[in-house]
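Q: Throw the hints in and build the complete structure from the sequences for me.
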Amino acid sequence: MSNPAAAHALEKMLEVLVGQPCWLIRMRPYHRLVMDLGSKIADISPVSQKPFTRGEWRLQTLAAYWRFESQAETVVGSGDEDELISARIGMLQGLVVKSIQVVPPALDLVMAFSDQQTLRLFGVTSQQHPQWRMITPTGEVITVEPKGVWTLKGAEGETPLSPPELPPA
Amino acid sequence: MRVLMAYPRPMPDLLSLIPQLTAPLIGQAPWAVRLGWGSNLTLEFGPKVAARSPKYEHGEWHLWVHMAGWRVEDSTGVILGCEDDQAVIQDQIKILENRPLVSFEVSSVGWDTLIGFEGGVFLRLFGTAFGEERFGEYWLLFTPENKVLAVGPGSRLAYEDSDKA
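Top line first, the protein sequences correspond to chains A and B. For the first sequence, this note's numbering gives the first residue as 1, with consecutive numbering after it. For the second sequence, this note's numbering gives the first residue as 1, with consecutive numbering after it.
To be clear, the hints were calculated from the coordinates, so they are not data collected in a lab. It cannot be assumed that every hint is accurate.
Restricting the straight-line Cα-Cα distance to at most 20 Å, the calculated cross-link-like pairs of lysine to aspartate or glutamate (EDC-like) are [claimed, not checked]:
1. A:98 / A:15
2. A:12 / A:145
3. A:147 / B:91
4. A:147 / B:74
5. A:153 / A:140
6. A:147 / B:85
7. B:48 / B:163
8. A:147 / B:105
9. B:94 / B:57
10. A:98 / A:43
11. A:153 / A:43
12. B:94 / B:83
A: Spelled out as C-alpha cells, the structure:
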C-alpha cells in the first residue's frame with residue numbers, strides 16, 4: 001500500500017472517534033502521552049492481570065513529539081518542562097473529538113477537539129521504534145511504525161502495553 | 001503562585017520577512033551537514049568564513065537546528081529522524097549535502113519549517129517547547145551580514161546582530 005493510501009486507510013479506521021470525548025489524559029515517562037477516549041470500560045492488565053479502567057479507545061505516544069494548539073496558538077509541547085505539561089494537558093479533558101487526520105509520509109496524527117483545541121504528533125524515527133499506537137474497544141492495537149507503515153494486531157500475543165492502571169470504575 | 005500563560009501571537013512583520021531573508025539560500029547547496037551535540041544539526045552554505053569554532057569550517061550562511069524536532073523525508077516516507085541512532089544519523093544525514101535548496105517555508109503555527117531540497121527531499125522542523133521558562137531556539141540562521149534569524153522557543157522570533165545571539 002502506498003504511503004498516502006496507508007494514511008487514508010488509517011484515517012478512515014479512526015473516523016469512529018469523531019464525537020467521542022477525551023475523559024483522561026496523562027503524561028508518562030519521557031513525556032509520552034496517554035489519552036483515554038470514548039466510554040469507560042473495564043479491562044485486565046496483560047502485565048499484572050489486575051483489573052483497570054480505560055477508555056474504549058486509548059492513544060499512546062511513543063517515538064513521537066507532540067504539542068497542543070489552541071485557536072492556532074501553540075500552548076504546550078513534549079519539549080516543555082514537566083510542570084508546564086502537567087498544568088496544561090488537562091485542557092483537552094472533557095472535550096470531544098471533531099476530526100481526525102493522518103498525515104503522510106510519517107502518518108502523523110492530528111486530532112481536532114471541540115473548543116478549537118488540537119493535538120498534533122510528529123514522528124521522529126526512521127528505524128524500529130513505533131511512533132504512536134491506539135488501543136481499540138476490542139483490545140486490538142493499531143501501531144504506527146516508522147517509514148509510513150501501520151499495523152493492526154489482536155490483543156493476544158501483543159507486547160505488554162504497560163498501561164497506567166486505574167482503580168476499577 | 002506562578003502564573004502559566006500561553007505565549008502571545010508572534011510578530012507578523014518578521015514572519016512575513018522570512019521569505020525575503022532566506023531567498024538568497026535558494027539554489028545554494030550545503031557543502032557540509034553535521035550532527036552536533038544531541039540531535040543538533042548544522043548546515044553550511046556559501047563561501048567559507050573565519051570559523052566561530054576552531055574545530056569546524058563554517059559557511060557564510062550557517063543553519064543551526066538546535067531544539068526543534070526534525071526529520072528528513074521524501075514523498076515515500078521518513079528517511080531519518082532526530083531520535084534515530086546517532087551513528088545512523090551521522091551516516092545518512094549526508095543525503096542533504098551538495099543538494100541545492102528549492103524552498104524554505106515557515107508556518108505561523110509553532111514555527112513549523114519545511115526546507116525543500118532538489119530531488120524531492122525535505123528537512124522538516126517541529127517546535128515542541130512553549131513555556132516561558134524554556135530556553136533554546138528551535139533553529140538559527142546566521143547570515144553573511146553577521147545577522148542571525150532566531151526562531152523559537154514559543155512565539156519568540158528575532159532578527160538581530162549575531163554577536164547578541
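Q: Work down the list of hints and note, for each, if the structure agrees.
A: To see whether the hints hold, each was checked on the structure:
Proposed proximity of residue 98 of chain A and residue 15 of chain A is supported: the alpha carbons are some 10 Å apart, at most 20 Å. Note on residue 12 of chain A and residue 145 of chain A: the hinted pairing holds, with a Cα-Cα distance of about 18 Å set against a maximum of 20 Å. Restraint check for residue 147 of chain A and residue 91 of chain B: the C-alpha separation of about 18 Å stays at or below 20 Å, so the hint holds. Of the supplied pair hints, the one linking residue 147 of chain A and residue 74 of chain B holds, its CA atoms being roughly 10 Å apart against a limit of 20 Å.
A threshold of 20 Å between alpha carbons decides the hint, and for residue 153 of chain A with residue 140 of chain A the separation of about 6 Å falls inside it, so the pair holds. This hinted pair checks out: residue 147 of chain A and residue 85 of chain B have alpha carbons roughly 15 Å apart, not beyond 20 Å. The suggested pairing of residue 48 of chain B with residue 163 of chain B holds, with an alpha-carbon distance near 19 Å, which does not exceed 20 Å. The hinted pair formed by residue 147 of chain A and residue 105 of chain B fails the criterion: a straight-line CA distance of about 23 Å is larger than 20 Å.
For the hint linking residue 94 of chain B to residue 57 of chain B, the alpha-carbon distance of about 16 Å falls within 20 Å, and the restraint holds. Distance check on the hinted pair: residue 98 of chain A and residue 43 of chain A sit about 26 Å apart at the alpha-carbon level, beyond 20 Å; violated. A threshold of 20 Å between alpha carbons decides the hint, and for residue 153 of chain A with residue 43 of chain A the separation of about 17 Å falls inside it, so the pair holds. Proximity of residue 94 of chain B to residue 83 of chain B is assessed by CA-CA distance (about 17 Å); at most 20 Å being required, the pair is judged to hold.
Hint check: violations occur at hints 8 and 10; the rest are consistent with the structure.
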